[in-house]
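Chains as they are written, first to last, in this note's numbering: chain C, 473 to 1118; chain W, 2 to 212; chain V, 33 to 340.
Since the hints were derived computationally from the structure, they do not count as laboratory data. Cβ atoms here follow ideal geometry from the backbone N, Cα and C, with glycine treated the same way. Incorrect hints may appear among the rest.
[Said to hold, decoys possible] Over the 12 Å line for every Cβ pair with chain V, so calculated as not near, a few chain C residues:
| no. | residue |
| --- | --- |
| 1 | L604 |
| 2 | F645 |
| 3 | V741 |
| 4 | S848 |
| 5 | L902 |
| 6 | P957 |
| 7 | R961 |
| 8 | N980 |
| 9 | I1100 |
| 10 | L1112 |
| 11 | W1115 |
[What the hints assert, rightly or not] Label-pair restraints from in silico Cβ distances:
| no. | chain 1 | residue 1 | chain 2 | residue 2 | range |
| --- | --- | --- | --- | --- | --- |
| 12 | C | R1091 | W | D180 | 30 to 38 Å |
| 13 | V | L329 | C | A943 | 37 to 45 Å |
| 14 | C | M1025 | V | F315 | 23 to 31 Å |
| 15 | W | I158 | C | T527 | 30 to 38 Å |
| 16 | C | L1089 | W | H82 | 39 to 47 Å |
| 17 | V | L69 | C | G830 | 54 to 62 Å |
[What the hints assert, rightly or not] Just some of the chain V residues that point at chain C, by a computed CB distance under 10 Å:
| no. | residue |
| --- | --- |
| 18 | V93 |
| 19 | G143 |
| 20 | F160 |
| 21 | A187 |
| 22 | F335 |
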Amino acid sequence: MRLYFLAILLVMGSGVPGLFLRRRGGDVAAALMGLGAVLGLTAAIRVLAGGPVATLVLPAAPLATAGLLTLDPIAACFAIPVFLLSACAASYGISYWDDHQENARTLRLVLGLLAGSLAFLVVSTHALPFLLGWEGMALSAFVLVMTEDRLPEARRAGWIYLVCTHTGTLALFGAFAILYSASGHWVLSGLPRGFAATSQGTMLFVLCLFGFGLKAGVMPLHLWLPSTHAAAPSHVSAMMSGVMIKMGILGLVRLLSWIPDPPFWWGAVLMGLGALSGILGVAFALGQHDLKRLLAYHSIENIGIILLGLGLGTLGKSTGHPVLQVLGFAGALLHVLNHSLFKGLLFLAAGSVVHAVGTRNLERMGGLGRRMPWTSAAFLTGSWAISGLPPLNGFVSEWFIYLGAFRALGFFRWPWSLVVLTALALIGALAMACFAKAYGAVFLGSPRTEAAGTAHESPRSMLVPMGILAAVCAIIGLAPMLVAPALDRAVATLGESAGGPQLSLLVNLPGLTILALLMVGVAWLLWRWLKPVEQGGTLPTWDCGYAASNPRMQYTASSFADGLVAGLDWVLWPRSLGGKVAGNFPVDRPFESHVPDPVLDRLADPVFRTLSLGASLLRFLQSGQLHIYLLYVLLTLLALLLWMVA
Amino acid sequence: MSPDFLIALILLSNFTLVATSRVNKAIQIAVIQGVLLGLIPLAMGLGRHPHILFMVAAAITVKGWLIPFLLRRAIKEVQIHREVDPYIGYTVSLMLCALGTGLSLILAHVLPLKGGTQVILLVPAALATLFTGFLMLVSRRKALTQVVGYLILENGIYLFGLLLVEDMPMLVETGILLDLFVGVFVMGIVINHIRTAFDSTDTRHLAELKD
Amino acid sequence: MSQSLLSLTIQWVLHLLTLLLLPPLIPGLINKVKAVLAGRSGPPVFQLYYDLAKLARKRAVFSRTTTWVFLAGPIGTVAAGLVAGLMVPFGHTGTPLAFEGDVILFAYLFGLARFLTVLSALDTGSSFEGMGAAREVAFSALAEPALFLGFAALAKASSSLSLSTMLLGAGVGSGRIAGPLILVLVGWAIVFLTENARIPVDDPNTHLELTMIHEVMVLDHSGRPLALVLYGASLKLLVLGALLLDPLLPRAPQAWQNWLGFWVGLGVLAVAVGLVESMTARFRMTKVPQFLIAGILASAFAFLLLLV
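Required output: the full structure, derived from the provided sequences and hints.
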């Protein structure tokens, strides 16, 4: 625990020296962050490898309760991505956001604060430090989103985020108050059996689902997520998508670990929300043509997959099926790690692209694979993993959840887990389509604009972090037995499966490794067979006889996705402007199509517009005179006192 | 020395405060009030608790030395010595203060508060000081006098805290002190900024910032 | 012990030989059937072997827009197909690699092959290939749930998650699940036709790029990469064909009878595909999704039947 605490301090202060240095502040920040990450990872891995669970007790009177901060296996599970991604982001930031960019020093400082708050939050097992970490995370993320505060888009994203995150915090206050009234103390620990079935338990679940779901970006509550991820600098997006939204999942996981007997419907609700987020997340991703918004919608999809796993585990916990708990919870926890790895990787690679081309619009890219081979390979690895394709890590966690869902078919009278199965299958196919679109539009074919044609590969300090993340993706995918014991420990803390089956007994992990290696071997042999005939190409692509083709005539990202978007238009409601040409000699007509966000653009925006119109009637109260404001306070105080007397 | 005697002095200092127009004198009175407040726990015979002793020392240091030091420096910088024309004149202020004190006495009588304290005047004095602080905040124009009002307001809260002094954890008390210190510190900065921005420390100018 | 080891070795060798050598025969058979029904003599049954041998000797031409991703498609298709072929049983002859949960790996290997093929199509930068790729991903998004619902039904019936038990287990042959099984097989037959780009979803012999799905994606491949593409497609026919055949094959007492049964079954399947292709026209592109949804419904009804 002392090691871990040191790591938090190092990470938190990593941006401070940069404030006083004229140059190389980024290097120092990255070095400190890296050192902190090594320490933190050591501490976390030691716990996951079976080391003792460490707790910290402060000697202050009201807080002198055991378990203020606890580094248990669940915390360790979430701490690993936090440290790994912070170090990678800091290193990436050295050249991605160097001192010439606006607000570079603030960015580094606050990135350290965000990483530190996250590391602090994951080990908090008391309401006070939990909320401290939570707010630290929320506020530092707000500052990070506002890095480019001269852009109206960034400002709008930032304010929406701030409102959402504080609404969520409000719900958490309520949830913790209920916990306090149920347990009599502020330590977040086990609740008595039977509590979950009471109306208070229901309130607790709903509040937690709202507060944590808002942070995690579960589907109807995701409204802040896409624009924030698009507006922030890419390594910040990587941190937010990779680890920050996972804190919502952490909250739900903690909630489930306090409740020994969650009701059946909790699991069903989690599964339903998971299926909704998963399918709609990937469907809306298909409609995007902003590279980072597309990735952001995929975060919503992956949160959905995690919820499917959690829901399955909860179902197992409430009905006493240890097999379901192990498979569901282990799948969810592993997917938390996996998603932070490949989504971090994807955002970093996307950042490289945006850096090189100067736009986030997919339709203005193309052909970057030739000019940025390493970034291209990194993005491909990320796409491969996020589509859940073997032999990378995304497959392993989805596999666990699939197996759990298949097993559950035999446990219940009604096939609840069929929702999980069909949702996962659909998500898998659509995610693959979406990443084929993204990778194809950005890296393949020929450049659609001049900027894309003259792009340069990023410097090494940006490529190495991507390399590290890609390597971890491959390791987990090829050798999942390395993480299985750690997952067992985490699940044992979370579920009611004392003496339950081990993960390695439920799934054949060596079989997966053998097949994966076999496939890699076959592919390598075939590659060797093809290699001697490969020649430098000087001929154009076969254009089916049309001689005057140009790069603008390539299939665009929007047209690639059009078939699916049209098939899903009953949820996506795509909007198109312009279009139809008419007459014998038609003039140029612009055409564009969008898929606006259903909750933000179609629901929240109009509602709040009306509200603010109403609120402007109260404008006269805001006189700008300090005295008048103070007078309001005084009058309120008096009114309260008189009300107490009366 | 009985605590009620000290509290009576505090009430008197309240009246003096609202009647004075000189900024330096207002600060002096606030210092005296702060020291008096610091001594009350000792007068209540609570000197045997080490944490209360610590608190007394901290309160006297912060209110008797640190804050006046900051304020006097601010005076030197902005060169303001008098509150020229307040929103509410001195006579009316005095009457309002008296009204507030009377109301406090009534309120203290009927409010459902935790009983058991031997100090009769504690609750009314706390409320009265609170009102006085507010009165100064609302009625004065110069930022410096407003800071003094804020100090007085905090003193009132502190007096309320004394009601629970034996149960109240030290963390909360030190928190209040820290809060006060930070508040004054930040206001010092703000005062300076108001001066550089508007060439005056009149808070009326802040209304120009309204959008 | 040595006896069983020997038979195990023979069974492994036969499985590998079937997997590696047999696939090109299936398109040959299908084409022969179509030719005969159309009154032509048609190419020889072994035509694809000759084509592959010829292509392996030829020089490949690469467009200047392509990168190494262009080769990932053909390689991935063959590698994934071969690995999937190790997990699927060829009749009642045992499977080299079977474990709990291999169904999901099996399905995702085909997803991987599709992903890489689509990418190598997009790598050419041609709009025709992009169009084919777009259709491929759209239709596979509907084929995937049909496949998985079928797996769910069989998993429920057999209480197992391993392909060999699900397809050949004792429970599968019993009368209780005959009804659901037929529905699953109907759903899977639709998946089989879609995945292999056969009529009525796609026409492997069409000559108009605008209407193709799978063929247009590999327009730019030549030489050895094209050989891999063709071989990979035939491999997919074999492996997915085995999935369809297995539940229908009766269990014979002798190993050689089982092998013979499987090979004959494969021949019958090829003839059946040839018959379907000769008797139906391909659908308009807009009707394909309805066809696939019919597949999903068939699998879903199979599951419902198991519940009642």
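ask   = Going through the earlier hints one by one, which of them does the structure break, listed in rising order?
value = Per hint list: 4, 5, 8 violated.
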